[in-house]
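Engineer: From just these sequences and the hints, can you work out the full model?
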Amino acid sequence: MRLEVGIIALVEEVFGTTAERRAQFEWLRNKPSREHFGEHYDAVMSLYAELQGDWEGTTAKADGHLTPDAYFPEPYHFIFEFDELQHFTQFRERTFQFYPANIPLAYVPLKYKQFCQQHHGAALAKGPERFRRHTADFPYTNGRAAQRAFFDTFRDWLPPLHGLNPTLRLAEFEVMPILKKQLSGNAAKAYMENLLHERLKRSAPSALE
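Under this note's numbering, the first residue of the sequence shown carries the number 1, and numbering increases by one thereafter.
Be aware that one or more of the hints could be misleading.
[To be verified] Pairwise CB distance ranges (calculated):
no. : residue 1 : residue 2 : range
1   : N194      : S46       : 35 to 41 Å
2   : A62       : K181      : 39 to 45 Å
3   : N102      : N186      : 27 to 33 Å
4   : A122      : G16       : 33 to 39 Å
5   : K61       : K181      : 37 to 43 Å
Treat the hints as calculated values from the structure; they're not laboratory data.
Glycine is no exception: its CB is placed at the ideal position from the N, C-alpha and C atoms.
Structural biologist: Structural data, given as structure tokens:
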């Protein structure tokens, strides 16, 4: 069972609601467009250039939606992402240089950058070879890691631009006591509730009231 499944279930328990696991949004797609990014299109394309994206490959690949880990409907109205080790690469660290100041976030970017600095080697080494493959849009070794970082940016920037609350992220390293089963039952729920309150205070203070 993927780690995210158990974590999402615990978040559902804290919020007392069921998340949508295969939610799709018309504006959350696998190619950057001015229509969807609006005023931030130039910034996302600067990031794309920094990550050495290949525009010919990007335009040639099939159009598709990016599916979030979960979507929590009203009154929460946000995407939830559980970031496992493979997300914390040097590519992800570089994305934060391009984040517009007016994009609201429900996590602390500095903490995420520190996780990237601490774990980027292990993040790139994790998993099967396909985790390090070339992709059409990033056609080089570890292109899939660059693509993952690029798409994480989509999941952060686009929801607030299209009426959702900021994306709520939790990193694998933040829930290790739960993953290692040092906490379970009510103790795990209380631990998670504290994490979620901390996140929501940054973006939607009334969400848990």
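Engineer: Failing hints, ascending?
Structural biologist: Per hint list: single violation, 3.
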